[in-house]
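Number of protein chains: 2
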Amino acid sequence: MAIIVQKFGGSSVADTEKLFAVCKHITREFDQGNQVVVVVSAQGKTTDGLVKQIGEIAETPSQREYDVLLSTGEQITIAKLAMCLQELGYDAISYMGWQVPLITDGNHANARIEYIESKNIRADLDNGKIVIVTGFQGVDRQGNITTFGRGGSDTTAVALAAALNADKCEIYTDVDGIFSSDPRIITNVKKIETMCSDEMLELASLGAKVLHSRCVEIGKNYDVPIHVKSTFMEESCGTLIKNDRDNFEKLVISGIAKQDNNSRITVICDKILCEKKDSCQPYKVFKLLADHGVNVDIIVKSHDGTAETDISFSIESKELDKTLKVLKKYKQDIGAKKILHSDGLSKISVVGVGMVNTPGVAAITFEVLHNSGIDMHMISTSEIKISILVDADKANLAMQVLHDQFMS
Amino acid sequence: MAIIVQKFGGSSVADTEKLFAVCKHITREFDQGNQVVVVVSAQGKTTDGLVKQIGEIAETPSQREYDVLLSTGEQITIAKLAMCLQELGYDAISYMGWQVPLITDGNHANARIEYIESKNIRADLDNGKIVIVTGFQGVDRQGNITTFGRGGSDTTAVALAAALNADKCEIYTDVDGIFSSDPRIITNVKKIETMCSDEMLELASLGAKVLHSRCVEIGKNYDVPIHVKSTFMEESCGTLIKNDRDNFEKLVISGIAKQDNNSRITVICDKILCEKKDSCQPYKVFKLLADHGVNVDIIVKSHDGTAETDISFSIESKELDKTLKVLKKYKQDIGAKKILHSDGLSKISVVGVGMVNTPGVAAITFEVLHNSGIDMHMISTSEIKISILVDADKANLAMQVLHDQFMS
Chain H
1 MAIIVQKFGG SSVADTEKLF AVCKHITREF DQGNQVVVVV SAQGKTTDGL VKQIGEIAET
61 PSQREYDVLL STGEQITIAK LAMCLQELGY DAISYMGWQV PLITDGNHAN ARIEYIESKN
121 IRADLDNGKI VIVTGFQGVD RQGNITTFGR GGSDTTAVAL AAALNADKCE IYTDVDGIFS
181 SDPRIITNVK KIETMCSDEM LELASLGAKV LHSRCVEIGK NYDVPIHVKS TFMEESCGTL
241 IKNDRDNFEK LVISGIAKQD NNSRITVICD KILCEKKDSC QPYKVFKLLA DHGVNVDIIV
301 KSHDGTAETD ISFSIESKEL DKTLKVLKKY KQDIGAKKIL HSDGLSKISV VGVGMVNTPG
361 VAAITFEVLH NSGIDMHMIS TSEIKISILV DADKANLAMQ VLHDQFMS
Chain X
1001 MAIIVQKFGG SSVADTEKLF AVCKHITREF DQGNQVVVVV SAQGKTTDGL VKQIGEIAET
1061 PSQREYDVLL STGEQITIAK LAMCLQELGY DAISYMGWQV PLITDGNHAN ARIEYIESKN
1121 IRADLDNGKI VIVTGFQGVD RQGNITTFGR GGSDTTAVAL AAALNADKCE IYTDVDGIFS
1181 SDPRIITNVK KIETMCSDEM LELASLGAKV LHSRCVEIGK NYDVPIHVKS TFMEESCGTL
1241 IKNDRDNFEK LVISGIAKQD NNSRITVICD KILCEKKDSC QPYKVFKLLA DHGVNVDIIV
1301 KSHDGTAETD ISFSIESKEL DKTLKVLKKY KQDIGAKKIL HSDGLSKISV VGVGMVNTPG
1361 VAAITFEVLH NSGIDMHMIS TSEIKISILV DADKANLAMQ VLHDQFMS
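Line order of the protein sequences matches chains H and X. Numbering-wise (the numbering used here), the first sequence opens with residue 1 and increments by one. Numbering-wise (the numbering used here), the second sequence opens with residue 1001 and increments by one.
Hints in this document: simulated from the structure, not taken from any laboratory. From a predicted model like this one, the values you see are computed outputs, not experimental measurements. One should not assume that every hint holds.
[Said to hold, decoys possible] Computed list of chain X residues with no C-beta within reach of chain H, every gap over 10 Å: (1) 1045; (2) 1072; (3) 1118; (4) 1119; (5) 1168; (6) 1220; (7) 1266; (8) 1292; (9) 1300; (10) 1319; (11) 1326; (12) 1329; (13) 1343; (14) 1374; (15) 1383; (16) 1404.
[Said to hold, decoys possible] Rough simulated footprint, nothing fancy, chain H against chain X, three-plus residues with beta-carbon under 8 Å: (17) 1056-1068; (18) 1073-1087; (19) 1094-1106.
All C-beta atoms in this analysis are idealised placements derived from N, C-alpha and C, irrespective of residue type, glycine included.
With the hints as extra help, turn the sequences into a complete structure.
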């Protein structure tokens, strides 16, 4: 008897009809003799509606109370889904995060899971019940409700699967798996049948919106196979994400992702000032930014030999104003002579485990972009990924030419 | 420093504007140096909306999941109200029933409070916080959410006041206290300034809709003064309900209440059959009805000397069909010869502690009704109450003439 964790997002459970449709996926696995745990999000746009109502009250509400309010969304879904399953003649029971309990740290609105007590759920499964758990929420050690931020329900599902030592975690979504790129931008996208966790991690963190990197990370660390499938297809093959790199078809490139709204900042340092004050060390710049809560993405440090030293890095555009303000305020301390910036950039990433064993992928990538008249503003590479910052208006073209080159 | 518990119902917290209006009552008491605990219901018609949504899924849903769903209503209110108070510069914290914890038995949808752990709330009050608690809900000893049924938020408030040994419990409502009768039916109703718990208990159980008898009972047992006030008046005198019978103004009659939709059933027994089978004992009839979940109200047993014995009793009309079916099925067992019934009756009740010391109230009541051409189908009296079943179409007239007699 296998234990299967299934997760259904907000659009999959948006109304009563859809709730009953979701029951088909649940009872199919249950009828085949499996133990099934279901994780659900809030129905449709419920969470957005609650956030809007908060806006009527306060601009910066207490994060604790924000979590109390938002957590009602999933609570409504679990009760309704349990009723639907019971109506179909199945024994089902709902759990809020605090009832599991699913213990988190105390970071309201962005909590991380610390521990899951799976005893009660196991007992219910052994008694033939289908167990339904709220996604996106837990409880801290003081008994306060916490929520998880973006991708929270996926994270709940994979973490529960890990705690239950489940055989797999199925993430149901509105597309039939992970595609080689965004079908709304690129023609001829391919569905990827199997993928390794590392590739998915790169894709997830680079803007592929199907899975959040937090849940892929847990899947990787606890060896939980994640199966991304379509809610709206009776038998969806989807994409299977597993830890094992070797057993996969050897695609050089498994995906091409895009992330819009990037900005680049370049700090040009005065070498004499720097030597005198022992400043202009990269660590000083990035410590300053970390202290002010700025998330830095790509970092490039170039030509160290001349009178000027450059440090360039990319950030999300929404953080540009704040970051510039901080850098200008502490200009003296970090020994900066000039601070340059450019906005309106997109990050294109080419990801694939096969890259490691295939020389020249970077060279081909740069050549293809050059031939299409696309400027590369920053480049960053890892073992299985190449990321390039390009002008936003050339980003879709860049994705298409790279997809044509590698995936066709 | 006094501890005050305030309760606001659904219409008092229906939208953001009203939530901020409610804050004025809370902060007024807090600013005067009191410790304030606030109990709230679900906003406006939220609970009705949730019940309607359940109707789309199941006719007889699991009571456990029903409670999980319904309890989200108050949860939304506590978070929003805490945010409102924080926005006004006050330190506020919300508690769900399970966070208090407010321990109940396991009777879903109709749970009774067993124990309230007040330690955390006391600590928060001592730290200068305003504490906001969900009405209507608690948690059983197995960690399941339970709700309380009708009047549940009032009950929560008075029970919390008892647990905290509070100085008083203020119940805010949309009228300015308890009136001598229903102002929608009777002209010249009087507001009652003070009232003893026993009178309120009789009025509450007899259909006066302002306070539920459960909460009055707790107030009586734990000696918590209950102050019923208007949400929508800045300084409402309202009605104060206290245990002490002696300190009250000596009104003979404090109120006249009406309860529609009553039915009367008469079981006529065959004396010979009864003697042979040792049946036709009242306990047999009422045990039968209790076993089938029928709540009986007034019971009258008359003339025992003839060949026929009558037992008459009243029930809510919605239980009439079920009750007749049960009685007919077990006709032989209870030794019944005939089963008669009449529907379309209303119960008029005249209540007042003063009645005990004022002879002739019953006589006057019956005379007034007789002179107005109102038939009395059943009569029941207690120390402080006279109830009469009359035809529904004469009920309002009965209330008016009795009110004119006793209250003007």
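So, going through the hints one by one against the coordinates:
no., hint, verdict
1, 1045, "holds, 15 Å"
2, 1072, "violated, 4 Å"
3, 1118, "holds, 15 Å"
4, 1119, "holds, 12 Å"
5, 1168, "holds, 27 Å"
6, 1220, "holds, 32 Å"
7, 1266, "holds, 41 Å"
8, 1292, "holds, 25 Å"
9, 1300, "holds, 43 Å"
10, 1319, "holds, 26 Å"
11, 1326, "holds, 28 Å"
12, 1329, "holds, 30 Å"
13, 1343, "holds, 34 Å"
14, 1374, "holds, 48 Å"
15, 1383, "holds, 45 Å"
16, 1404, "holds, 49 Å"
17, 1056-1068, "holds (count 9)"
18, 1073-1087, "holds (count 10)"
19, 1094-1106, "holds (count 4)"
When held up to the earlier numbered hints, the structure conflicts with hint 2 and nothing else.
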